[in-house]
Each structure stands twice: as C-alpha cells, then as structure tokens.
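Chain residues, written in single-letter form:
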Amino acid sequence: MDFLAQVLAWFTAPEQWTGRDSIPVHLVGHLALSGWALLGGVVIALPIGIAIGHTGRGAFMVIALANVGRAVPSLAILGIVFPISLRLHLGFGFVPTLIALIALAIPPIVTNTYAALREVDRDLVEAGRGMGMGELQLLARVELPVGAGLLMAGIRTAAVQVVATASLGAVISADCLGFFVLKGIAIQDRPQIFAGALMIAGLSLLTELLFGRLQRLFVSPGMRGARGPTAFTEAGQVPREALP
Amino acid sequence: MTPPTEPFIRWDWIVANLDDIGQRTWEHVLMTAIAVGVGFVISFGLSLLIIRWRRLAAPIIGVSGVLYAIPSLGLFALLIPLTGVSLLTAEIALVSYTLLILVRNIVAGFDGVPAEVVEAASGMGYGAWQVLWRVQLPLALPTIVAGLRIATVTTVGLVAVTALIGQSNLGSLIVQRGIRASFPTAILVGALGSVLLGLVADLGFVVLQRRLTPWARARSR
Numbered sequence: 000m001d002f003l004a005q006v007l008a009w010f011t012a013p014e015q016w017t018g019r020d021s022i023p024v025h026l027v028g029h030l031a032l033s034g035w036a037l038l039g040g041v042v043i044a045l046p047i048g049i050a051i052g053h054t055g056r057g058a059f060m061v062i063a064l065a066n067v068g069r070a071v072p073s074l075a076i077l078g079i080v081f082p083i084s085l086r087l088h089l090g091f092g093f094v095p096t097l098i099a100l101i102a103l104a105i106p107p108i109v110t111n112t113y114a115a116l117r118e119v120d121r122d123l124v125e126a127g128r129g130m131g132m133g134e135l136q137l138l139a140r141v142e143l144p145v146g147a148g149l150l151m152a153g154i155r156t157a158a159v160q161v162v163a164t165a166s167l168g169a170v171i172s173a174d175c176l177g178f179f180v181l182k183g184i185a186i187q188d189r190p191q192i193f194a195g196a197l198m199i200a201g202l203s204l205l206t207e208l209l210f211g212r213l214q215r216l217f218v219s220p221g222m223r224g225a226r227g228p229t230a231f232t233e234a235g236q237v238p239r240e241a242l243p
Numbered sequence: 000m001t002p003p004t005e006p007f008i009r010w011d012w013i014v015a016n017l018d019d020i021g022q023r024t025w026e027h028v029l030m031t032a033i034a035v036g037v038g039f040v041i042s043f044g045l046s047l048l049i050i051r052w053r054r055l056a057a058p059i060i061g062v063s064g065v066l067y068a069i070p071s072l073g074l075f076a077l078l079i080p081l082t083g084v085s086l087l088t089a090e091i092a093l094v095s096y097t098l099l100i101l102v103r104n105i106v107a108g109f110d111g112v113p114a115e116v117v118e119a120a121s122g123m124g125y126g127a128w129q130v131l132w133r134v135q136l137p138l139a140l141p142t143i144v145a146g147l148r149i150a151t152v153t154t155v156g157l158v159a160v161t162a163l164i165g166q167s168n169l170g171s172l173i174v175q176r177g178i179r180a181s182f183p184t185a186i187l188v189g190a191l192g193s194v195l196l197g198l199v200a201d202l203g204f205v206v207l208q209r210r211l212t213p214w215a216r217a218r219s220r
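So the protein sequences, as listed, match chains A and B. Just so we're aligned: 62 in numbering that gives the first Met the number 0 is position 63 of the first sequence, and the numbers increase by one with no gaps anywhere. Just so we're aligned: 122 in numbering that gives the first Met the number 0 is position 123 of the second sequence, and the numbers increase by one with no gaps anywhere.
Quick caveat, the hints were computed from the structure, so don't treat them as lab data. Check the hints yourself; a few may be wrong.
To be verified - Here are some chain B residues pointing at chain A (derived, C-beta under 8 angstroms):
1. PRO6
2. PHE7
3. LEU48
4. GLY170
5. LEU198
Unchecked claim - Cβ-Cβ distance ranges computed for the label pairs, FRET-style:
6. ASP110/B / LEU208/A: 25 to 33 angstroms
7. MET130/A / GLY111/B: 34 to 42 angstroms
8. ARG179/B / ALA63/A: 29 to 37 angstroms
9. ALA185/A / THR82/B: 14 to 22 angstroms
10. ILE13/B / ARG86/A: 15 to 23 angstroms
11. GLY221/A / GLN22/B: 26 to 34 angstroms
12. ILE13/B / TRP35/A: 31 to 39 angstroms
13. MET132/A / LEU81/B: 53 to 61 angstroms
14. ASP18/B / SER219/A: 41 to 49 angstroms
15. LEU213/A / VAL116/B: 35 to 43 angstroms
Each residue gets a CB set at the ideal place from its N, CA and C atoms; glycine is no exception.
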C-alpha cells in the first residue's frame with residue numbers, strides 16, 4: 000500500500016505535468032512516433048500486399064518477409080538504424096526510431112493483406128469477372144470488401160506492435176513513455192519505474208481495444224455471419240491455409 | 000557520435016573481443032532456453048487442464064493474452080517492485096510471453112487429432128494416459144513444434160531487451176557497449192548477432208520438425 004501511495008504521489012507531482020520531461024511531452028512523442036510509423040507502414044505495405052494478393056505472384060516473398068519479420072528483434076532493428084541515421088546526419092531520437100518502427104509495421108500488414116485477398120472465395124472473383132468487372136473493380140468491389148476483416152487484423156497487429164516498441168525509442172533519446180522506466184532504473188526510483196510501466200501497459204491495451212473495435216467496423220455487414228478473423232494474430236504469421 | 004576519422008566497423012575490435020562476444024551469445028542462448036523450457040512445462044500443464052476441463056480455456060487463454068499484450072519494457076518494469084532489477088524479473092516476463100503461443104498451439108494440436116483415431120486406440124485397450132502419450136501426442140507434434148518455433152524466435156528478440164534491466168547478452172552489446180558508449184561496431188555486432196541467432200533458431204526448429212514427424216513429409220510429397 001505504501002508503494003502504491005508513492006506511485007500516486009509521483010503521478011500527482013507538478014514536475015510530471017510541466018517542463019521538458021513531463022508526461023504530456025513524452026505521451027505526445029509516443030503517439031506521434033506510433034501514428035506516423037503506422038501511417039508509413041500502411042502506405043508502403045498495403046500496395047505491396049494488394050499487388051501480391053491480387054495477382055498471386057511473388058507469394059514466396061510474403062513467406063520470407065513473415066519469417067524474417069518475426070526473427071529480427073525490434074531492439075536489433077533500432078540498433079542497426081541508429082548509427083546509420085547518425086552517419087547520414089538524420090539525427091538521433093525521433094527519425095531513427097520512426098524508421099525502425101516503420102520497418103516493424105510492414106511485415107504484418109503485407110502478410111495479412113496478402114492472406115486477406117487470397118482467402119476470398121475464387122468463385123466470387125470469377126463471378127465478378129463474368130459480370131464484366133475489370134481488375135480494379137474486382138479489387139475495390141469484391142476482394143477488398145470481403146477481405147477487409149483480415150486486412151484490418153494486420154493493421155491492428157502492426158499498430159499494437161508499433162505502440163509497444165515505441166517505448167524502446169527512449170534508449171536513443173526519442174520522446175516516448177519508455178523514458179520514465181529507463182530514467183527510473185538509472186536513478187533507482189522504483190515508483191517512477193512502476194508509473195512508467197503502467198502508462199506503457201495502459202496505452203498498449205487501449206490500442207488493442209481501439210483497433211479491435213475498428214476491425215469489427217470494417218467487416219462489411221454481409222460478412223458478419225462469416226468466420227471472423229482470429230482474436231490474436233501473431234506478428235507476421237500467415238494463416239496456414241493461406242500459404243501456397 | 001563517431002568522429003570522421005573513426006571507421007564505421009572496427010574489425011580489429013571484433014577480433015580482439017571474440018571471447019566476450021561468444022560469452023554474450025552463450026548468455027543469450029541460455030536465457031532463451033530457460034524461458035522457453037520453463038514456459039513449455041507450464042504451458043503443457045495448462046493445456047492438459049484445458050483438454051480435461053474445457054471451461055478453463057477462456058480464463059487461461061484470457062490471462063495469458065493480457066500478459067502477451069503488455070510490451071516487454073512495460074512488463075519488466077511492472078515486476079521490478081516485486082523482484083528487483085534481476086535475472087528473475089527478466090525470466091518471469093520472458094516465460095509469461097511464451098504461454099499464449101504455446102498453450103494455443105498445444106491445445107490446437109491435441110484438438111486436431113481425429114476422434115476416430117482416439118476411439119480406435121481406446122478400443123484396442125489403451126488407457127487414457129497411453130492414448131495421450133502414444134497416440135495424441137505424436138499426432139499433435141507438428142503443431143506443438145510450430146508453437147515452440149514461434150515462441151523461441153520471439154524470445155530471442157525479447158532477451159535482447161532485458162539488457163535494459165541490466166542483463167548481459169547480445170542486447171547489452173547493443174545498449175551498454177554500443178549506444179551508451181557511442182560505439183557503432185558493438186551495436187552492429189549485437190544486432191546482427193541476435194538476428195542471426197533468431198534465424199538459426201527458426202531453421203533449427205524446421206529441421207527438428209522434419210526429424211520428429213517423418214510421416215508428414217512423406218504425405219505432403
């Protein structure tokens with residue numbers, strides 16, 4: 000009880016709410032990093048996933064990406080990007096963290112988009128073709144609406160992973176919620192460590208919930224009765240049946 | 000951080016520190032093995048409970064799902080008030096991350112065994128435990144090993160993060176020797192080393208899976 004009181008005291012102390020290293024600064028930094036990284040990931044990965052999923056060409060790339068994406072530790076990506084970013088005078092902190100997070104967001108979005116389009120019933124696609132739909136129309140009016148649930152599952156996995164990993168940006172001085180944990184460890188301030196952890200965990204669970212909602216919204220009403228996407232998608236894991 | 004005269008990779012440092020790099024790689028492997036080993040034992044027990052009493056599935060998978068959703072730095076930090084900045088803290092968090100992956104795959108593996116096969120075995124006079132060990136387990140093996148594979152590769156990556164709570168491994172090469180000491184060579188050795196370790200573990204399990212289930216390969220050809 001004593002410890003929790005100390006944590007509460009930490010949260011309510013005025014220096015946590017104003018100044019360079021206050022909670023608002025690091026929370027905004029965390030959200031900015033995550034938001035831009037997810038946007039960047041979607042912009043890069045969605046067209047690739049759609050192209051491979053629609054044509055069925057280059058599927059081996061998806062599997063390779065899924066395996067490599069899972070095997071490369073996030074701290075390692077950050078570690079590799081950091082010195083290169085310094086060499087290219089892109090600075091430390093925000094830019095290298097952002098690049099690492101984008102790299103992390105790409106595999107789950109590509110693999111799930113690919114799987115989403117591949118899982119669309121071939122008869123549906125052929126029926127569309129028979130009705131005289133062009134390739135783009137097929138994509139926009141058949142494949143994407145039917146695959147929307149699984150596609151959003153990929154974006155959700157990426158979002159959760161990005162928000163979780165953004166904390167590591169504190170290692171290279173990016174503004175993010177990881178700052179409080181690392182500072183707390185450095186000065187042996189356990190209430191601060193715990194408070195930072197609470198914020199990190201809370202934001203992650205919120206992201207999970209928010210994107211879960213979003214995912215359900217994106218499933219078209221005609222598909223709601225169908226088998227929904229699995230609740231928890233492993234990062235970069237392609238559903239078995241989707242693999243060629 | 001690097002003066003212009005300093006080369007990006009100092010090969011001489013790598014050669015001079017091969018012993019230290021090897022030591023940290025070994026520590027990395029050891030921490031991963033402990034986490035996956037303990038995680039597997041716990042998960043196997045939990046899975047047997049779920050198979051016996053289905054009602055336990057929702058709470059067990061629910062709790063491990065919440066643990067899984069907490070970011071690594073967050074979970075380490077949540078445990079520090081209880082277990083300090085220690086190896087124990089690191090391992091508790093690492094083990095809890097393996098639970099969701101392993102329990103799901105072990106249960107899915109057992110569920111995938113055709114009911115006819117189980118009935119045939121009981122009909123031949125196998126007891127419940129014999130059916131479990133000699134019929135269900137071998138047939139569930141591909142799915143279980145697939146789970147172990149994902150869990151191990153994930154753990155290799157998470158072990159690197161334990162450097163932030165003072166553990167020595169390839170991650171500490173990145174953080175302490177590299178980033179904090181402004182020395183890119185150590186960063187790259189630690190980063191590439193842990194990537195390589197992840198890929199080797201991944202490949203190792205593919206080979207193990209083929210060895211353990213020769214019939215699956217025969218069928219798919």
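Against the structure, the hints:
1. PRO6: violated (11 angstroms)
2. PHE7: Since chain A brings a Cβ to about 7 angstroms from PHE7/B, closer than 8 angstroms, the hint holds.
3. LEU48: Constraint on LEU48/B not satisfied, violated at 20 angstroms.
4. GLY170: holds (6 angstroms)
5. LEU198: holds (5 angstroms)
6. ASP110/B / LEU208/A: 25 to 33 angstroms: Given range 25 to 33 angstroms: holds, Cβ gap about 28 angstroms.
7. MET130/A / GLY111/B: 34 to 42 angstroms: holds (39 angstroms)
8. ARG179/B / ALA63/A: 29 to 37 angstroms: About 34 angstroms separates the Cβ atoms of ARG179/B and ALA63/A, which means 29 to 37 angstroms holds.
9. ALA185/A / THR82/B: 14 to 22 angstroms: holds (19 angstroms)
10. ILE13/B / ARG86/A: 15 to 23 angstroms: This hint holds: roughly 19 angstroms between Cβ atoms.
11. GLY221/A / GLN22/B: 26 to 34 angstroms: Roughly 59 angstroms apart at Cβ, these two residues miss the hinted range, so it is violated.
12. ILE13/B / TRP35/A: 31 to 39 angstroms: Given about 35 angstroms between the Cβ atoms, the range holds.
13. MET132/A / LEU81/B: 53 to 61 angstroms: Holds, since MET132/A and LEU81/B (Cβ atoms, about 60 angstroms apart) stay within the stated range.
14. ASP18/B / SER219/A: 41 to 49 angstroms: violated (60 angstroms)
15. LEU213/A / VAL116/B: 35 to 43 angstroms: Holds - the Cβ-Cβ distance for LEU213/A and VAL116/B, about 42 angstroms, lies within 35 to 43 angstroms.
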